[in-house]
Amino acid sequence: MSQLVEELLRAKEEGAAAVLATVVDAGENGAVDPGDKCFIRDGQIKGGTIRHEEVLKAILREAEARLREERSKLVPLDVPEAGGKIEIFFDVTASPPKLIVVGAGHIAVPLVKMAKVLDFHVTVIDDRLLYANRERFPEADEILVGDMAETLKGRAITPSTYIVLITRGHKYDEPCLREIIHGQAKYIGMIGSRRRVKACFQRFRDEEKIAEEVIERVYAPIGLDIHTETPEEIAVSILAEVIKVRRGGKAHSLSGK
Amino acid sequence: MDSIYHQVKEFIEKGETVAVATIVSTRGSTPREVGAKMVVTAWGEILGTIGGGCGEADVRREAIEVIRTHKPKMVRVDLLDDISSDSPAVCGGIMNVFIDPWWKGREEESSEKR
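For the record, the sequence lines run as chains A and B. Take the first sequence: its letter number 156 is residue 156 in this note's numbering, and every next letter is one higher. Take the second sequence: its letter number 48 is residue 48 in this note's numbering, and every next letter is one higher.
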């Protein structure tokens, strides 16, 4: 199993999305045994002990679905060519979610710290070197200095990207939002008072003819309503919203109060 | 993937067999999520956790057996103890834990078999 362990560790190191499929119940099958495995990365089988073609095909198909959902799951598979039903556990390692923080001001500092604790890959963008630097963000994975909307344009934005717009003013937030609003980001949040946000969205409708369902994707004003007062509390409120979107929560108190 | 594989590597490189216990499904409220893992060594040492308490102790016992026989096993852990008891097993759920032995030559042995 040394080879398989090496592959598992390499995938983790490289932050790659991967699935380890393990047979937990072989049923009457005969083609596989409990404990047989198959490791899938980049749509390819990278090792393991399963050799049966049809079983491998069924596993590959299911692994795609599990990766999309980013969730480990026990799944019964029916492989008639291999004699019937088997049960496979799909152990999913999603690639780490990416958080892009646009605006390196006083909220960004605690936000980046906490996002690192939550295992996000964090990028900070600002046009001021005085704010966007290693002294202020020692934990950040990337710090980019330059025109914020332009810098965003060059970034790869995937369905596991979360974007927080917290620049020093809406005249900076707006062009950034315009840049990403049609993209694939799982979450876009923008800071601003209700009035400001409303005015911004109205301009988007009138001047840019941006469709309502596109505008509705934006979380603005940003964050969950926990009555924040300090920058640190605002950071918690923003990240709580990010987690809610990522995991599909409702954000009530569990006690019902 | 969990860093437990660093430990798995260390043990199997030394020629030892370890058991990887993974929560593969749950019902009701359980202390940890599907996919949570722990490694059990032949000496009964535990690395990582699947939630602690009696359930974990049961799994540890079964894991030592799995290491001895080299045969994987599914174990059902009940966490349905009386709420007033002192037992930590009062989450109210059930979890299925797959215990899988890992040793260095396993891949090779299984391809020889076919």
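No wet-lab data here; the hints were simulated from the structure. Each residue gets a CB set at the ideal place from its N, CA and C atoms; glycine is no exception. Fair warning: there could be bad hints in the mix.
As a list, the in silico DSBU-like pairs of lysine-lysine whose alpha-carbon atoms are at most 30 Å apart [stated by the list, open to error]: (1) B:K9 <-> A:K12; (2) B:K104 <-> A:K57; (3) A:K85 <-> B:K71; (4) A:K250 <-> B:K14; (5) B:K104 <-> B:K9; (6) B:K73 <-> A:K116; (7) A:K57 <-> B:K14; (8) B:K104 <-> A:K46; (9) A:K46 <-> B:K71; (10) B:K71 <-> A:K198; (11) B:K14 <-> A:K46; (12) A:K57 <-> A:K73; (13) A:K209 <-> A:K198; (14) B:K14 <-> A:K85; (15) B:K73 <-> A:K73; (16) A:K186 <-> A:K46; (17) A:K244 <-> A:K12; (18) A:K209 <-> A:K257; (19) B:K71 <-> A:K209; (20) A:K73 <-> B:K71; (21) A:K186 <-> A:K113; (22) A:K85 <-> A:K113.
From the structure, some residues in chain A lie toward chain B, with a derived Cβ separation under 8 Å [said to hold, decoys possible]: (23) S2; (24) T22; (25) Q44; (26) I45; (27) L77; (28) K85; (29) F89; (30) L224; (31) I226.
Reference excerpt, derived from the structure (chain A facing chain B, CB under 10 Å, subset only) [said to hold, decoys possible]: (32) D25; (33) E28; (34) E87.
Assess, step by step, whether the Cα of K209 of chain A is no farther than 30 Å from the Cα of K198 of chain A, and give holds or violated.
holds (15 Å)
Has the given pair, K73 of chain B with K116 of chain A, been kept, meaning a C-alpha gap of at most 30 Å?
Outside the cut-off at roughly 37 Å; violated.
Restraint outcome when L224 of chain A is required to lie within 8 Å of chain B by C-beta distance
violated (22 Å)
Verify the proposed pairing of K14 of chain B with K46 of chain A, using a straight-line Cα cut of 30 Å.
holds (24 Å)
K85 of chain A and K113 of chain A were given as a pair; does the straight-line alpha-carbon distance stay at or below 30 Å?
Violated, at roughly 47 Å.
Distance restraint between K85 of chain A and K71 of chain B, which requires alpha-carbon spacing of 30 Å or less
holds (20 Å)
CA of K57 of chain A to CA of K73 of chain A, is that 30 Å or under?
The hint holds at about 18 Å.
Min Cβ distance, K85 of chain A to chain B: is it shorter than 8 Å?
Not OK, violated: K85 of chain A not within 8 Å of chain B, min 15 Å.
Are K9 of chain B and K12 of chain A close enough, with their CA atoms no more than 30 Å apart?
holds (14 Å)
Please work out if K186 of chain A and K46 of chain A have their alpha carbons no farther apart than 30 Å.
holds (29 Å)
Does L77 of chain A meet its interface restraint, that is, does its C-beta lie within less than 8 Å of any C-beta in chain B?
Check failed: Cβ of L77 of chain A comes no nearer than 14 Å to chain B, outside 8 Å.
Is K73 of chain B within 30 Å of K73 of chain A, Cα to Cα?
holds (17 Å)
When held up to the earlier numbered hints, the structure conflicts with 4, 6, 7, 10, 14, 18, 19, 22, 25, 26, 27, 28, 30, 31 and 33 and fits the remainder.
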